[in-house]
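**Q** The chain contents come next:
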Amino acid sequence: MPQTIQRKSETPAVVRASTLQNSIKVEQLTCSIGAELSNVSLAVAAVDETLLAEIRSLLLKHRVLFFRNQDITRAEHVAFARRFGELEDHPVAGSDPDHPGLVRIYKSLDSKKEHYENAFHCDATWRDCPPFGCVLRCVETPEVGGDTIWVNMVAAYEKLPDSIKARIEGLRAKHSIEHTFGAAMPLEARAKLAAQYPAAEHPVVRTHPETGEKILFVCGFASHFVNYHTPQNVRYGQDFAIEANNLMNYLISQAEIPEYQVRFRWRRNSVAFWDNRCTQHYAVQDYWPAVRQMERAGIIGDKPY
Amino acid sequence: MDLELEQLTPVIGSEVHGIDLNQVDATLAAKIKTTLNERLVLVFRDQSLTREAHKRFARLFGTGQLQRHPLSRSGDPEILDVKTDKDSKFTAGEGWHTDVSCEAAPISASMLYLTQPPEGGGGDTLFANMAEAYARLSEPVKALVHTLKAVHDGALPWKTIYGIDPKPGTTYPRYEHLVVIRHPDTGREVLFVNRGFTTHLTGVSAQEGRFLLEMLFNHIEASPQIHCRVQWRPNTLVMWDNVATQHHAVWDYFPHSRYGERVSSLGVELSAAA
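Keeping their order, the protein sequence lines are chains A and B. Last residue of the first sequence? That's 318 in this note's numbering, and every number before it is there in order. Last residue of the second sequence? That's 293 in this note's numbering, and every number before it is there in order.
It is worth saying that the hints were derived from the structure and are not from the lab. Any given hint could be a false lead.
To be verified - Restricting the straight-line Cα-Cα distance to at most 35 angstroms, the calculated cross-link-like pairs of lysine-lysine (DSBU-like) are:
(1) B:Lys-102 <-> A:Lys-172
(2) A:Lys-178 <-> B:Lys-178
(3) A:Lys-74 <-> B:Lys-102
(4) B:Lys-178 <-> A:Lys-172
Stated by the list, open to error - Ranges of calculated distance between the beta carbons of each label pair, as one might list FRET restraints:
(5) B:Leu-163 <-> A:Pro-199: 27 to 33 angstroms
(6) A:Glu-214 <-> B:Asn-237: 25 to 31 angstroms
(7) B:Thr-190 <-> A:Glu-182: 44 to 50 angstroms
(8) A:Ile-255 <-> B:Ser-67: 54 to 60 angstroms
(9) B:Thr-53 <-> A:Thr-224: 47 to 53 angstroms
(10) A:Ala-88 <-> B:Gln-250: 32 to 38 angstroms
(11) A:Cys-142 <-> B:Glu-57: 45 to 51 angstroms
(12) B:Thr-82 <-> A:Arg-281: 44 to 50 angstroms
(13) B:Ala-225 <-> A:Arg-95: 56 to 62 angstroms
In this text the structure is predicted, and so the values were computed from the model without any measurement. In this text, a Cβ means the ideal position worked out from N, Cα and C, and glycines have one as well.
Next comes chain A alone, as it looks inside the complex (with noise of 0.2 angstroms):
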């Protein structure tokens, strides 16, 4: 499958000299997705707007974009996730309580195992309005394990065959966080989380309200399709379920493809800024049991159109 890419050297205009003031150095971590920023305080660029501006460039550009050595207070983190937008709160996970919308992903040594983890998602289909992007940073964390995997998205629409492409155009599905999330719940739990929060119905192929890119918007959370039982594509109702199914299952599974992921690995204070209309990505639980403490600030986004 040949693919087009960039090449380091042609990449890209924002690296400056390092002897300016407050210069950004980018270095790609792989030819699809993902960069790694450096020498920038992400407390300085909370308040910078150059810095902020070419932030935001490189995130369109890259999708997700790493930072080392981010050893800020948790006021500064909110601060700077702020300027993308409001940050929202999670129904499962926990905030902190002195900065709301600060989301504590935190695990310890009475942690269940594999609970959460280990599956591509989106974060956040199951809402009307998913998530802009993810703040993310590494509070503490185990010497080896709990790698971080995100997906290119655009990449994986971009890649899929004509024949898929046709099939897919104008195709509505269902995110539900009651599948999910309340999977492991008791009955009555579960249904009290699924009348809070009715599933999310989105286009399978989001168009990105920056650049304008279309985007493969089916994950872990989308349940169904709402619109696949047409003449055209029901002849029997066999079909339906076959057929139905059968897409929703290839389409998943096209965040699993290598050629379209970065795979990170994190150290205390490495902070990870997502674009989450465009990328999936997948929390890797391999290192049950340990400490491992993480902070997120979610940003609310948009409509997907």
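Assemble chain B onto chain A, guided by the hints.
**A** Quick look at chain B alone, frame taken from chain A:
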């Protein structure tokens, strides 16, 4: 002297520092073998190996015999040239697979020495720990796969990837392995089916087998918690346990070129997990 190791993930892969592979004696080889049994993938950086030295290192492992590869274009059948460039229609090692699992005694360990990674970056290799793949199946599925056998056919990649039917009279290796084998050195149970060579399960209907195999293949692809992703630099040699792993060569660097040479140590016949 203990090896100086740096783990890539908790369950698979270690970088080995401070070793010149030209200087490996029997004692050091034994230590490397012990480490390989545990970590399955070892990464040696900044090596400087002639073809003879590469082969000499490989002979220290497995049965001491080297695989002779029918597709080698290197001039030496014991050296498999792994080359991808802008004219390639496919790349060696695309998709998850175990090399030549169609042999009764598959390759024990392979050593790929990459002298030319793609100049624009990319071209990583992913490895999966297939003992962990087995361990992470649910108990009912473990009990089921223990009772099954699968046919591995050397003609499969020819037919499906290259679209060439074998000429009448040509024979390719074909072997029926248990779906769960015991690792010859460690005794660990290993899930031993792969998309590259496994054609079907025996003892179940064709339809049952098709879906069961698909479930097992997807289990591997959808489980990064049993993978590591190795980034190459020029003159990196990666050694892997071919029985207990699968690998996937990432082709994200088109139109750039990637060149390396693989030498493989033959292994023993695989036996069943008791």
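**Q** Hint by hint, say whether it matches the structure.
**A** Quick rundown of the hints versus the structure:
Distance hint between Lys-102 of chain B and Lys-172 of chain A is fulfilled; the C-alpha atoms sit about 23 angstroms from each other, no more than 35 angstroms. Simply put, Lys-178 of chain A and Lys-178 of chain B have alpha-carbon atoms about 27 angstroms apart, close enough for the 35 angstroms limit, and the pair holds. Of the supplied pair hints, the one linking Lys-74 of chain A and Lys-102 of chain B holds, its CA atoms being roughly 30 angstroms apart against a limit of 35 angstroms. A distance of roughly 24 angstroms separates the Cα atoms of Lys-178 of chain B and Lys-172 of chain A; the hinted pair therefore holds under the 35 angstroms criterion.
Separation of Leu-163 of chain B from Pro-199 of chain A is about 29 angstroms and conforms to the stated range, judged on CB atoms against 27 to 33 angstroms. At about 27 angstroms, the CB distance of Glu-214 of chain A to Asn-237 of chain B agrees with the hint of 25 to 31 angstroms. In this structure, Thr-190 of chain B and Glu-182 of chain A meet the distance hint of 44 to 50 angstroms, their C-beta atoms being roughly 47 angstroms apart. The hint said 54 to 60 angstroms for the Cβ distance between Ile-255 of chain A and Ser-67 of chain B, and at roughly 56 angstroms that hint holds.
As the Cβ distance of Thr-53 of chain B to Thr-224 of chain A is approximately 51 angstroms, the hint placing it in 47 to 53 angstroms holds. Hint check: Ala-88 of chain A to Gln-250 of chain B, Cβ distance near 36 angstroms, so the stated range 32 to 38 angstroms holds. Restraint check, Cys-142 of chain A to Glu-57 of chain B: a C-beta distance of roughly 48 angstroms satisfies the suggested window 45 to 51 angstroms. A hinted range of 44 to 50 angstroms holds for the C-beta pair Thr-82 of chain B and Arg-281 of chain A, which are about 46 angstroms apart.
One distance hint, 56 to 62 angstroms for the beta-carbon pair Ala-225 of chain B and Arg-95 of chain A, holds here, with the actual separation near 58 angstroms.
Violated hints: none; the structure is consistent with every hint.
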